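Listed below are the residues making up each chain.
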Amino acid sequence: MKRVQFRHSAVPYFFIAPQIAIIAIFFLWPAAQAIRQSFLLEDAFGMSSQFVWFRNYEDTVFNQQWVNSAVFTLIFSALVTFLSLAIALLLAVKANEVLRAPGTYKTLLMWAYAVAPPVAGLMGNMMFSPLLGDIFNGLNDLGWDFDHNLDPFDAAFVVILISVWKQVSVNFIFFLSGLQGIPKSVLEAALLDCRSAGKRFWTITFPLLAPTTFFLIVINITYAFFETFGIIDTTTRGAPAGSTTTLVYKVYTDGFLGADLGGSSAQSVILMIMVLLLTVVQFRFIERKIHY
Amino acid sequence: MTSITWRTVSTHLILIAGTLFMGLPVWIAFMSSTHTAETLFRDGLQFWPGGHFFDTYSAVLFESGGVMKSVTGSRMLFNSMVLGVGFAVGKVVISIMAAYAIVYFRFRLAVPLFWIIFMTLLLPLEVRIVPSYEVVSGLGLLNTYTGLILPLIASATGTFFFRQFFRSIPEELLEAAQLDNAGPIRFLIDILVPLSKTMIAAILIIMFVVGWNQYLWPLLMTTQEDHFTIVIGIKQIYQVLSEGGELPQYQKAFALVMLATLPPVLIVLIFQNWFVKGLVESEK
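From first to last, the protein sequence lines are chains G and C. Mapping of the first sequence onto my numbering: position 139 corresponds to residue 879, and the numbering continues sequentially without gaps. Mapping of the second sequence onto my numbering: position 174 corresponds to residue 205, and the numbering continues sequentially without gaps.
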């Protein structure tokens, strides 16, 4: 906070009021409702509800479909995070090495940031469509018995490919700006000590990028958890047989399409706790970052 | 010397491969949108221009589509524009005000209010969609721009960014302003906002893209077709186009994909430097 400040009793409340009002109506109240509903069991007609303690949570956690979806979400998030970070890092390192017109590749690689996940999903959906055949038939001609409408592995492949495609750009922007922030003198000193470019990268550059990488891991996990909703909804819709249903997609299908309010709320609260844990990890790291 | 040139070549090859990986799907989508439905159905995806650009795009922009046949592409683009601009401007204005109160004033409820704002960062809209929907429907805001925009503004990312930025502004400015008897509103409008111009522009661009690209919330909120944004409209219309029983009109679906993609991409490319600066700075 500032050392010098205004001393007014009413003015600051006037400035902060709009934000607080919106948060109260559209954030605090719904969040409280989610928690309340997660402890209630409504009858089929929504006429009466009963307080059932943690039964919705038990029903969620011991439900095989939920467990499957949680496992898929973890594998999916790990793969999307790793692949999109690895591709982006490779491209950023190479773009940083280019001496002539370095901005060109930056422009060519960053624009996909602005593509909406569902639009990317729909585009991918049509690329892989059996009716527009080229890629679909091409993969089958190569000997891959490919059908993302029937085979869970192929469906997961399509969703992961599109999710990675959409996320490479933002990672690339951050890695490139991280690389450009490393002082030239450090790299020149390293050049004198070590001739192997690969070794220099892993022992000098990569550790210096650690804060960026860690920050991006958190961002990418959040992306894979939440924002891929649009990609899944426009490609597989969680099919075949629920094999590409992430936890968020399940909250949506159970709550809106299945009208199971208690169960959906319990799932929401579990997700909230997961996000909170992720944030705690993030903040612990940021504190450490300040120290070194 | 040869090893250096070999390294340069491989560098460019990798970057070109990355560029193709990113660009080819959009190129194919664009080229396919310029062909007729018959060509696409017979020959599959297209790699070269097909000469039906105007037919497809004028049909998509000005003829009514959708399940109820009541929405045109231009109407959906307009709705997306309202959402993108409304979200960006609303968020920037509200964030600047809140950040100003937090940084420049000493008041009793400052700490608890700050923590309430902080909490919104932790829980994205996706985990509380069902109750949020009930609140908005209870307020009678379904199918309105207000109901579309306000709940999305509740997350306080912008407030934190401006708080960070205001704290980096030298204290002497406020001392000087106070000596000149400038009040808080005058200080904000005449000094702080002009100083933050670049940052405001960067955040506006990022938020416009974020707003334009919203999916889950508009999907739940808008049940009437004339309130569809283009990002949710294409999915609904795609289903009609591909399940209509007649020849699937894939060229129109591709054209809608291009229309949904182009505005945010162009804005990011045109204002590239501001955008990158804003993105990298704000996420720190």
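These aren't lab readings, by the way, just hints derived from the structure by calculation. Keep in mind it's a predicted model, so treat the numbers as computed, not measured. Check each hint, because a few of them may be wrong.
[Claimed, not checked] In silico BS3-like cross-links for lysine-lysine, where the CA-CA straight-line distance does not exceed 30 Å:
1. G/K924 with G/K834
2. C/K228 with C/K308
3. G/K834 with G/K939
4. G/K939 with G/K924
5. G/K834 with C/K308
6. G/K924 with C/K308
[As the list claims (entries may be wrong)] Calculated Cβ distances over 12 Å to all of chain G for the following chain C residues:
7. S41
8. H43
9. L71
10. F84
11. F109
12. N174
13. D221
14. S227
15. T229
16. Q255
[What the hints assert, rightly or not] DEER-style ranges, computed between Cβ atoms:
17. G/D799 with C/T50: 43 to 51 Å
18. C/H43 with G/P870: 32 to 40 Å
19. G/P923 with C/G82: 20 to 28 Å
20. C/T50 with G/L931: 25 to 33 Å
21. G/P923 with C/T70: 20 to 28 Å
22. G/G878 with C/Q270: 34 to 42 Å
23. G/L927 with C/R198: 39 to 47 Å
24. C/L170 with G/A757: 15 to 23 Å
All C-beta atoms, glycine included, are put in the ideal place defined by N, C-alpha and C.
Each hint tested on the structure:
1. The straight-line distance between the Cα atoms of G/K924 and G/K834 is roughly 16 Å, inside the 30 Å bound, and the hint therefore holds.
2. Only pairs whose Cα atoms come within 30 Å are accepted, and C/K228 paired with C/K308 is accepted, the gap being roughly 13 Å.
3. Distance check on the hinted pair: G/K834 and G/K939 sit about 16 Å apart at the alpha-carbon level, within 30 Å; holds.
4. With a C-alpha separation of about 17 Å, the suggested pair G/K939 and G/K924 falls inside the 30 Å cut-off, and the hint holds.
5. A threshold of 30 Å between alpha carbons decides the hint, and for G/K834 with C/K308 the separation of about 21 Å falls inside it, so the pair holds.
6. With a CA separation close to 20 Å, the supplied pair G/K924 and C/K308 stays within the 30 Å bound.
7. A beta-carbon of chain G comes within 12 Å of the beta-carbon of C/S41; the shortest separation is about 9 Å.
8. For C/H43, the non-interface assignment is contradicted: its Cβ lies about 7 Å from the closest Cβ of chain G, within the 12 Å cut-off.
9. For C/L71, the non-interface assignment is contradicted: its Cβ lies about 6 Å from the closest Cβ of chain G, within the 12 Å cut-off.
10. With a least beta-carbon separation of about 18 Å from chain G, C/F84 lies farther than 12 Å from that chain, consistent with its non-interface assignment.
11. For C/F109, the non-interface assignment is confirmed: its Cβ lies about 17 Å from the closest Cβ of chain G, beyond the 12 Å cut-off.
12. Non-interface status of C/N174 relative to chain G is upheld: no Cβ of that chain comes within 12 Å, the nearest being about 17 Å off.
13. No Cβ of chain G approaches the Cβ of C/D221 within 12 Å, the least distance being about 15 Å, so the stated non-interface status holds.
14. At the 12 Å boundary, the C-beta of C/S227 stays outside the reach of chain G, the nearest C-beta of that chain being 15 Å off.
15. Against chain G, the non-interface label of C/T229 holds: every CB pair exceeds 12 Å, the least being about 16 Å.
16. Every CB of chain G is more than 12 Å from the CB of C/Q255 (nearest about 17 Å), matching its label as outside the interface.
17. At about 49 Å, the beta-carbon gap between G/D799 and C/T50 stays in the expected band of 43 to 51 Å.
18. In this structure, C/H43 and G/P870 meet the distance hint of 32 to 40 Å, their C-beta atoms being roughly 36 Å apart.
19. Look at G/P923 against C/G82: about 54 Å separates their beta carbons, and that is not inside 20 to 28 Å.
20. Separation of C/T50 from G/L931 is about 28 Å and conforms to the stated range, judged on CB atoms against 25 to 33 Å.
21. For G/P923 and C/T70, the Cβ-Cβ distance of about 56 Å falls outside the hinted range of 20 to 28 Å, so the restraint is violated.
22. The beta-carbon spacing between G/G878 and C/Q270, approximately 26 Å, falls outside the hinted interval of 34 to 42 Å.
23. In this structure, G/L927 and C/R198 break the distance hint of 39 to 47 Å, their C-beta atoms being roughly 32 Å apart.
24. The hinted range of 15 to 23 Å is satisfied by C/L170 and G/A757, whose Cβ atoms lie roughly 18 Å apart.
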